Every structure is written in structure tokens, then in C-alpha cells.
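If you read the protein sequences in the order shown, they are chains G and W.
Per our numbering, the first sequence runs over residues 1220 to 1726.
Per our numbering, the second sequence runs over residues 1220 to 1726.
Hints listed in this document are in silico derivations from the structure and should not be mistaken for laboratory results.
One or more hints might be untrue.
Where chains are identical, the list cannot tell them apart; a pair therefore holds if satisfied intra-copy or between any two copies.
[Claimed, not checked] Straight-line C-alpha distance at most 27 angstroms; calculated DSS-like pairs for lysine-lysine: (1) Lys1354 <-> Lys1676; (2) Lys1531 <-> Lys1291; (3) Lys1223 <-> Lys1410; (4) Lys1608 <-> Lys1668; (5) Lys1297 <-> Lys1353; (6) Lys1627 <-> Lys1295.
Model, not experiment: these values are computed from the prediction.
If you want the building blocks of each chain, they are given just below.
2 protein chains.
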Amino acid sequence: MPRKIEVTELILRDAHQSLMATRMSLEDMVPACEDIDNAGYWSAECWGGATFDSCIRFLNEDPWERLRTFKKLMPKTKLQMLLRGQNLLGYRHYEDSVVERFVMKAAENGMDVFRVFDAVNDPRNLEVSMRAVKKSGKHAQGTICYTVSPVHTVQGFVNLAKQLIAMGADSICLKDMAALLKPQPAYDIVKAIKEQCGQQVLVHIHAHATTGVTLVSLMKAIEAGADIVDTAISSLSLGPGHNPTESFVEMLEGTGYTTELDGARLSKIKNYFATIRPRYQEFLSNITGVETDIFKSQIPGGMISNMESQLKQQDAEDKLVEVLEEVPRVRKAAGYPPLVTPSSQIVGTQAVFNVMMGPYATMSGEFADLMLGYYGETIAPKDPEVLKKAEAHAKKPAITCRPADLLKPEWDALKKTAAAIEGFNGSDEDVLTAAMFPPVAAKFFPARKNGPKNLGKDPAKVKADAAAAAVAAATPTPAAQDSPLKGPVTYGVTVNGRKHKVTVAPG
Amino acid sequence: MPRKIEVTELILRDAHQSLMATRMSLEDMVPACEDIDNAGYWSAECWGGATFDSCIRFLNEDPWERLRTFKKLMPKTKLQMLLRGQNLLGYRHYEDSVVERFVMKAAENGMDVFRVFDAVNDPRNLEVSMRAVKKSGKHAQGTICYTVSPVHTVQGFVNLAKQLIAMGADSICLKDMAALLKPQPAYDIVKAIKEQCGQQVLVHIHAHATTGVTLVSLMKAIEAGADIVDTAISSLSLGPGHNPTESFVEMLEGTGYTTELDGARLSKIKNYFATIRPRYQEFLSNITGVETDIFKSQIPGGMISNMESQLKQQDAEDKLVEVLEEVPRVRKAAGYPPLVTPSSQIVGTQAVFNVMMGPYATMSGEFADLMLGYYGETIAPKDPEVLKKAEAHAKKPAITCRPADLLKPEWDALKKTAAAIEGFNGSDEDVLTAAMFPPVAAKFFPARKNGPKNLGKDPAKVKADAAAAAVAAATPTPAAQDSPLKGPVTYGVTVNGRKHKVTVAPG
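With the rest of the complex left out, here is chain G (with noise of 0.2 angstroms):
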């Protein structure tokens, strides 16, 4: 008998979150949710990481509706969620209450597995969540961020297993953001956890698939003793995205292993999605293939193209190579964060800084937070001379306990912000909302009735309207002196079929 191998279907959160920016609205997921609950997964990824904030802030959707939708259309699959450990879904600590309130509520509203994961994989940071997700009943999985440096090892790999599992975690993830994790590490990290923390132990795979390699490494993973990994239905797979549920059910035939994915429903979640793919064109990546140079930087793609940006808007963008090169310094300042949001972006910003005006001359207030442990504990030691520049920038201590220790309650005060919000509905639920993207919230909550905006384009239509727009950036202004136009006259022009009123006045 085949060892069977779980899969979580990432084709409602992390598949559009990669290759279309976050933007697929619920009404388009709402007609795959029967097949994607009859197929068989493990669990099925749909909701945090980006798309709650993506929800309210270009969606006008309620992501806690979004939510009880899916739980509604999907009662026999795990719910499955991202969470960034004390940030939450935002970007920055909070108060412990507040976090165990938003486990709570998401739990409250359907969600059965929390994936919980701190950007500098600093265990403490995942404590209160998942110690908030065991008291609600649901899965606690721990999580290890991959990377690669002179510093991380196997053996630390494990070591942080070993806390995730004495914190209470039902499951491990290795989760691989930048498409880094090669099969022979694959192999060995999750043999070594399945040997030093017991076979029983459950080891789930997340991969990316950006550098082409990692279909390879989930193979590898599971020979080692992996029993879950994420997979994107194809329609919606690869690039920084990743590798395809059905070449994944097909990788396996003939081994020792099998996924009893049901290929039927596989199909027909695959088809629809071909369906709504390019109704999002505008957001789609522009990347398709692979992309290797990231094992030589460690740099994952989204970050080179933000330092690109910044670089640009200095007229500096010839000096991408002295940043590429100035990040792994700064890391190393850093003591070896991985790079993952929003780790990428303080290093990636420092880099640039670094090279623009000299290093450490300039630094951001989120690269001295990260330097004083604000973030929290990075695996190596920081670097004592950028260390004390970083105190007299912040001009405050470094630390070293739990950041969220500094923190006092702060529910009471949230509650009263939100509650100033127009249209704020009252629930706790709100509160988490305001209390995690306040600006945003500040325009969402009024707008909320409104109902939620679909971004997709019928493909049809885009093609007509760009058409429509090359015409009328066309029509002809003729010199006055030359023109036969004595007042407006209308031509009645079709282009590729669609018929448009084109109105020519004289110059």
C-alpha cells in the first residue's frame, strides 16, 4: 500500500496572492468551493497573509464575511489560514489580549488551521498565538521560515522544530517563501525532525516555485517522511507561485506514494480557474519562467524588483549590483533574519541606503527597531558596531526579552478608535479590522455598504477598450488654416468589431 501524502490547495489564498497580487474577489472563488471540498484535500489555504488587508482595502469585502462564506461552501475541508504570529495580519506587534481575541474570532468564524510564522523565526513570537489556537480547539501549526546562510543548519532547523512542538503544535511547516529549499536539504531537514522529534511528528511542505527546483524537493521531502505539502491548482501555478496540484498527484504514480486526490473535480477546479485568470491580466506577474539568480542573492524576486524602484526614483538603477551585493552584508549586520515580509523590506531598504550614501550613514527606524531587537531574536549575534549606531539613531536600548512584553493592554483603546469609525458594526470583529490596518478601516467600514468590487476584466472587453483608446489618442487634430471642418462632425468607426461614436472638431 502507498504511503498517502496530504495536499493543502493554496489556489484561494497564497496562488493569486503570488500571481495576481491578492486581487481575486470571492465572488469569482465562490463557484470551485464544492469541488474544491469534494477533491480530497488536507486542507484548503483562504484566507490572512495578504488577502485580508488586499479585502478591504481594493475589494470593499468584508474578509470576516469572506470567511463564513467559505465555511459555508466548504463544510467538509480545514479551513487553513497564515498568520504572522504577534503582528497578526498587519505590520506590527500586538498586545498579547489582542492577539488571542483575533484567534478566537477567526477560530469563532470557521478557521481550523492556523499556519503561525515569525519573519525572524523567533519562537516567542509565536508563543501567545499558539497557545490562543490550542484553547480554541483548532490545529496549531508551528512554523519554520527556510533560509540559507553561514548560519543556518539542519541541526537549527530542528532546534526550532523541537520548540514548536514543546509550544504545542499540532504540525510543523517548513515553509520555503523564496523558492530556496533544494531536494537534498529538503531531505535532510525532514529526516532529521522526523528522527530527533519522533515519526508522528506531522511535517508539511511549503514551497514555492520560483527557481523551478522545488517539485524536486517536495519528492525528496516525502521520501524523507513529509505528509503534507501545498500545491496550486495549474491553471493558477508556477512562476513566484506554486507547483501544480495535478503534476504533483501525477509525480507520484508508480511510487510509494499517492495523494487520492480526486483528478475529476482536480479537473474541474483547474478549468475554471483558466476561466478567471485572465480576467485579472492587469495583476498578473510578468513572470512565467523560472528564475535562478535568487540562490546566488538570496534575494527573493518581489524584493529586487521594490530596490529597483527605489533605486529608480534616485536615478541610481545603475547601482542594483552594489546593493545585490551590499544585502547579504546587511543581513550579516543583522545577525541572518530570513528574508520574508517585512524583514525583506527593512534589509532590502538598508542595502540601498548603504550604498547611496555610505554605510550605516542613514538608517530607517524599522532597520534599528530589527538591529535592537524589536523584532525579536535573530539566529546570530548582531554586529556590535552597527548595533550602537542603531541606539544612537533610535536613541533607545537595545532589548532582549519578548518585544511584546512592552506592550500594555491596548483592546480598550482600539475598541474606542474603531468605534469612531462610521460604520463601524460593533463586533469584535471590526475592532480586529481597525485595530490592523487603521487607515484602511477608516475608509472601508463607510464604504462597506456599498457591497464588494470585482477587479476582474472580461479579457474582451480590455482588448476593445485599449483599441478604443489608441483611436481617440488618434483622432486628428488638424491645423486650423488646413481643416475642411467648419463644427463638429461624427463618424460612426468600428474597431475590431465594437462600434464607437468618434467626434472630430476643428483644431
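Chain G is already provided as a structure; the job is to place chain W on it using the hints.
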């Protein structure tokens, strides 16, 4: 010490054949040759397949001159070609002396490695060309076309390998043209060849990437002992093409295998072809992701689009599913040929006929020939009923001999035909060109003096031209009675920064 895995780079042949309809001009390859020659490849595939046809049909380029140029620019690296056995590069069987002469001339002009295959895996169709390669002192690679069917077994492929080795093959290629080769069969076949034929037998894996699983298959083939793999530089990889060279290199890091390819050279090759690819936008394959339906139908992607267009011509697009279901039945009737040029087209067309007009009510001449053994012997016996119909249709008997045994010496006649074409240069190479592509050569020889055409286009110019065309299509044609124009008037119209003169005349 890790075991060294050799790599054949496909960028100069199969990569652009698969992804840009074989349209890349020699001019666009030349700048990369020095880097390819110094990167450490086992060989550079650069000739044969559809490139010969494309050179003379579309590019006004002499393929023999292309070969000599490669030899000059890549003196360190073995040049490799794909040769369709007794078909050479054409679409019929040639008499033995023509086959011998072609191989001799290819070797003289610089070819080092001849990958020889036959669409129905009949070794008798490879004998003469393999012997000719050996005689010329070059590398004769015997090929197994991989396919999946109820009668294809690991042992069957191994038996074919044994026959190829007995013929003097210097290496064995397992050729997976439709990306059907899954990891476990890849492992099993390579393992069995090595065990039964000897560990010293060089095994070379050629797999397309279309289904998304074959990089894993390369890994498993290597674990089973494979020696050489085919890859394409990442900027022209994936989709219906091949696995990316750089991903392959990175994948092996830390394993017991390594490539020793020069990363800096690969990077230069990649960046160079990233600038060339967009120039061929109009020829680029639409498929950028993966397609796993191929596993169900075992029908290569190109064949499906062929059948779709045949059905469309008959207003019967709704019959596609029926046709896809008919293909395996036709294949069974024909003795389970692999589906590769030309068998894929022959089987696909017959499936369309059967659905539209009833089973074998009509039969193509080519399908009758396939049934009657004129393409060689297939692995399984033919359906006797269909065989009878084929005999009736073709008014000739089934044969069991080697098809080319029926051919009479034809070199003198071919030479005479070639000599009659304007622009014939008197060489044996020209005779061979004319022999393989008679009507195309008849146009190419007289036009050759005009020099090569490069079909690549500056993407910025393509965009500007498209905008100009939209404007031209939209130039108002006012109804005569409303028109204020008494005669033509010309406007200066600027679209996307490009100036156009647009003349408007009364309708």
C-alpha cells in the same frame, strides 16, 4: 566525490523548435556560441529536427552553412543533431545510399553526435543510419521513443535498448517527446537498462516539460544511473519546451551528483536569450504553464490543437471529446505506435475521420500505410478488420520486410532533379536538401542569393505598428451626405510617440 552528470544544451534546436516554431535565425544564435562552447556542456544540440525545414522554408538560410558556422564557433563542444532514421529530416523513407550520403555529409560539415530515432520504434529503420554514423567515426546514439500503453513495458524498452546496442549504439537516448515520463518509470527503465545492458552503457534522457513532472523524472533517472540529460537555458525553457538548465544544476547541489557547468557562462547565455525571446513574440507558444491532461489522453499538446483546427474546418468543434476518446482506439488498431511525428498526425487525423464519418469508413493514405507496415513494425499486432480495410483502401498488400528494402537506388534521379533547379550549387548537400524538401528547395535555391531573413522583430516596433494599424482601421469614413470633406485631407497623427500621416478622403 559526487558523480558528474553531463548536460546537452537544447537552446539552439529543440528549445526554439518547441517554443517559437523553429523560427530562430542563425544570426540570433551566433552571439551566444562562445559562451555555450565554454560552459562545459557534453554537447550542443543545434541541427536536425525541424530546423532544416525551417531554414529553407522560412529563413532563406542554408542549413549546411548554419552547421559549418556552429562548427567554427563551437570547436570545443560536440555538436548534436536529431535524425529521423530512414526518413532523414524529411517525411518519407529514403533509399539506403541516400541515408548514407546524408550522414557522411553531416559528419563532414561538423556533426558529432547523431541521435537517431524512429516514430514506431522499429530498429530496422535505424540500422542504416546508425551504421553510417559509426562508419564516419561519429557518436551514434540509438533512441527509444517513450510512450505509455497497455503493451509498453519496462522490459520492452530494455529489449529495444539491447537491439540498439547490438547495432553499435554509443549511447541510448530515452526520448520523451510528450512529457509522459513520470519519475518512477524513469527510474525503472534506466535501472533496468543499466542492470541488463551493463553499467558502462551511457544513458541520455530527453524529456519535455509540458506536464510539469519531468524535472523530478530526471532526478530519479540520475539516481538510477543516467549519465546525460537534456535541458534548455531558462529564458527559453518550460511550457512545451524543456526543463531549465540552471534549475537542473541547482537541483543537484548537495546530492551525490554534480554537473560542473560554468554558472557565469550559463548566466550570460540566459540573459542573452532573454533579449532574443521577445523578438519572436508572434511565434511563441501560448502554453506557459503545465498541461497534465496529456496523461489522460496520452496525446501531445500540438496534436490536440491540430485536431481542433481540423474539426473547426468542418464546423464540428463539439466533437473534440469524442475524438480524444477515439484516439486510443485508433492507436490500438494500429498496434500502439508512439505518438510522435509523423505517427501523431496520422493517428489524430484518422480519429477525426472515424468520428465524423464512422469507423474507418474513410481512411487517409498515410493511415493505410501505417496499418500495412510501410512505416515499419509496431509493437503490437494490428486489428485484423481494420487491416483488411486498409488493404482494400490502398490496393496493396501488408508488408513485413524493412520498408526501405522496397526502394530502388535513387541518388542519380535525386541529383538530376536537384540540378534542374535554378540556383543549385552543384554540391551533394544541395542534392540532399532538394531530396528531403522538393517543393521548398525549388523556391529556396533561386532565392538563396538574397541571404538569410531574420523573422525576429523589435517588440517596441511591433507595438507601435499594432497601434498604427488600429488607427488606420479607425480612420473615419463619413457618410457622403454628412461629410464636410470636399477632397482628401492629411493629418499628422502621433500614436504612442510615433508619427503617422493619415489621409482622410470623402467616403
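Going through the hints against the structure:
1. Lys1354 <-> Lys1676: neither (43 angstroms within a copy, 63 angstroms between copies)
2. Lys1531 <-> Lys1291: Neither way: Lys1531 and Lys1291 sit 47 angstroms apart in one copy and 42 angstroms across, limit 27 angstroms.
3. Lys1223 <-> Lys1410: both (17 angstroms within a copy, 25 angstroms between copies)
4. Lys1608 <-> Lys1668: Neither. Shortest intra-copy (49 angstroms) and inter-copy (71 angstroms) distances fail the 27 angstroms Cα cut-off.
5. Lys1297 <-> Lys1353: This pair counts as within: shortest intra-copy Cα distance 16 angstroms, inter-copy 62 angstroms.
6. Lys1627 <-> Lys1295: neither (40 angstroms within a copy, 70 angstroms between copies)
In summary, the structure is inconsistent with hints 1, 2, 4, 6 from the numbered list given earlier, while agreeing with the others.
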